[in-house]
Amino acid sequence: MNNFFEINNTTFRISGSDKVKNVSFSIEQEGDIVCLLGPSGIGKTTILRSIAGLEKISEGQITLKGKTLSSTDTHIDPEHRKIALSFQENSLFPHYTVEKNIRLSSRDNTRGKININEIIKILNLENILNHYPHQISAGEAQRASLARSLNSNPDLLLLDEPLSNVDQSFKEEIQVKLKQILKKLKITTIIVTHDSYEAFYLGDKCGVILDKELKQFDDPYNVYHFPNSEKVVKFLNRGVLIPAKVTSPKSLENDDLGVITGNFVNPVPIGTDVKLLVQPEDLQHDDKSNLKFDIIDKKFRGTSFIYTLKTNTNNLLPVFVHSHHVHQHDINDKFGIRKPIHIEHIVCF
Amino acid sequence: MRINTWFISSFLISTVVVIPILTVFSSFFEDTSNYFEILRETFFLEYVFNSLLLLFGVLFLTFFLGVGSAYIVSFYEFPGANFFKWALILSFAVPPYIYAYSLFAFFENYGTAYTILKYLFGDGNYNQHIPKFSGMFGLILSISFSLFAYVYILARSSFLYQSQNLIELGKNLGFSKFKCFYSIILPAARPAIVAGLSLVAMETLAEFGAVDFFSVNTLTTGIYNAWIAFDDLAFANRISFFLLLFIFILFLTENLSRKKARYHLESKGGFKKKEKNKLRGSKAFFAFSFCFALFFLSFLFPLTQMLYWTVKFPENLFDLNIMDLLINTLYLVSLSSLVLIIFALISNYGNRVSKQKILNVMSTLSISGYAIPGVILAIAFITFVAWFDENIIKALGFLSIKKIFIGSVLGLVIVYFIRFYSLAFNGIKSGYEKMNISVDESAYLLGYSKTKTFLNIHVPYLRNSLLFVIILVSLEIVRELPITLILRPFNFETFATTAYISASEDLLEAAAVPSLCLIIIASFFILLTSKYILREGSE
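As you go down the protein sequences, you meet chains A and B in turn. The first sequence finishes on residue 349 if you use the numbering used here, and the numbering steps up by one all the way, no holes. The second sequence finishes on residue 1539 if you use the numbering used here, and the numbering steps up by one all the way, no holes.
Hints are computed from structural coordinates only; laboratory data are not their basis. None of the values given here were measured: they were computed from a predicted structure. Accuracy of the hints is not assured; some may be wrong.
As a list, the in silico DSS-like pairs of lysine-lysine whose alpha-carbon atoms are at most 25 Å apart [stated by the list, open to error]:
1) B:Lys-1177 with A:Lys-56
2) B:Lys-1434 with A:Lys-100
3) B:Lys-1450 with B:Lys-1429
4) A:Lys-179 with A:Lys-65
5) A:Lys-82 with B:Lys-1450
6) A:Lys-56 with B:Lys-1452
7) A:Lys-298 with A:Lys-334
Which chain B residues face chain A? A few, computed with CB under 10 Å, are given here [as the list claims (entries may be wrong)]:
8) Arg-1280
9) Ala-1443
10) Lys-1452
11) Thr-1453
If you anchor each label on the Cβ, the simulated ranges turn out as follows [unchecked claim]:
12) B:Ile-1008 with A:Pro-94: 25 to 35 Å
13) B:Thr-1005 with A:Gly-41: 28 to 38 Å
14) B:Ser-1176 with A:Thr-303: 57 to 67 Å
15) A:Asn-130 with B:Asn-1464: 44 to 54 Å
16) A:Glu-173 with B:Leu-1365: 50 to 60 Å
The beta-carbon is built from N, C-alpha and C at its ideal position, and this holds for glycine as well.
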């Protein structure tokens, strides 16, 4: 069976230079959401612009519903693609009100699946419908732009950092509503973001773009727990890599932590020196443990504290502790780690 | 290269405008007469000296008047400030040649000044005490009072957008008001002031009517003589080219002297609206007097002089067929501005959607038409049509097309088009520059074709810019003299040509009626545009 959307070995260029090379991924079913993650300036927006037809591709092929949109010798103009792109910056028509902007779609809503009044309500735009774009905030402009894109009833919706300007207090609510709308209306969507939590929440699949390549494309859970390269680990910034030696098919040993047991995600020969991924939730706090390290930093994250510990060999370890833990520890205090150490998924490189 | 209808349209429009400009440059490959030898041995140095004197005299005076008045109305509140804000641009309605007629007539022997003194104090030998504003001094005054508004408008808009933060910073550093002005306000407005002065410089060196009236020998005279007396078009073109080169070098030097200095802040958040200082007592009186004197001298004085003659010699009013002149003037204005606006709009959109470097080069070349004196453009056009007719049309066995283009409204409209294309193109371009390219892309993504995007999104968005450009171009065409004079059909007169012809026959009183009509029409156009010229809103 053909995939709903497909990118094959495609190189994305802008102003004559390659931004992202040899990208391949697909969206199997209509209504799925894919999130592309990556640092700023890596080429995420270029990918969206190329899919929308605003840029040409130099190699590869992009197909939607079995029809080639872009290839080395094909380029369908954006107005004929039925793809909507919601830009990161304000791209509303400045001389029209918010309402006219939203209702300005040239395409027929023949499928009738979009109820624009409902979308306006969900995106909290009712009070600014008569305003002009220069009279509204950046976050409101982003939501209005999103509503306009949805109203164009696209086969594929592309969102470029859709909530980057939305207030933090409102962001989570919008994320939930956005996901509900997209799923309810079965709108296939590709979202570009640098916020990993947003990507993990919204995406059915996540792609990580680093060093001009799509490094990993997988379920959000797998991207988080089973990163496939050191670079992905560093980008997600949710763990550290410490030296260890594989001692058995289910264990390895580190000079500071001693024996660590668990299940290897990829089998590694016994005796191999590896870099082990330790994420904040892998180590458990235990005040009574003999395995103690100095606290050198402490971050309050609302529901939790992340303590950074310095080991005897000068490695830094992050440890997650619930913020309702009976007592708090301060910098320079000793911090105990529960033994034996067991990590459910052992990821090493 | 992606070729589409928009690219081709834009390319063709730019090509038409570039042809006469290339004709001017091509003069270096043609033989010239011995006019240059004659000129070198006679008046050449005088022409160059006079041109430089005129240029620097006008630049100095327009800088003083334009920046001074802009500073006062932008930074201070005093009685009449809101009136002068727009009244000062009315000087645009008086072309230098009409100002010259007024100036000369007021101060000449037994002129208006004499009549006033006689009326007030009875008979007397006043003529020897009344200063004579003729020759170079009169010319500098006429051009300066007519053109200072270029510097005024641009300096004022730059002053308006200067952040209060900068001025407060100066105060915080203990700067006096004068030091604040010359070390903070003036340098920040430098690019705008230079832009205004460069327009003044181009208009000054291209000025024909006033130069001719005061019989000052400048390089413009050289151009005219080369064509009229020696039929030496190539040499006329060369002088014109050197004039342009001189202006270009002058302003390039200024630009290089800025090095890497920047004159604006990009941060929107840092902008704080300026608060005007309220003036009282003698200071308020001085500010009012300066602005009133400028308004009086630049606008009321020539207007009153023309009005006075019209009332004094009412027969001139009835000798003229004003309705015919009005129809002719408005016919040229509406036809030309329509053609200009349509083509400049298409060309701008073509440039925007095609993104081809060749179009940028062509546009840059084509907008330099404004810097070429009207006399030269008209002559270059005639040269080109004659060459084309001789070498292409007749060679192909067709009937001559000269009559279609020379001495016809069509020819006039084409040359107006070339001369004022830069105004229309840049006016629309500045509207386009405020429109992010993502607006176009959003339209395409909503399923709009390029044509539909142009008609449904761009044209409504640019409505104000288009209106502004139409009126600006109309104003220029109403005032235009040399092109109309050279290329107009037989027996086809406008207010400008009628005024010029009467004045050149020493019938200054007869020139009053058409001059007055011209000032009234031009003032009407200015008042229509003042809202856009002086905008202080959020744009």
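**Structure versus earlier hints, numbers of those that do not hold, lowest first** = Of the numbered hints, 1, 8 and 15 do not hold.
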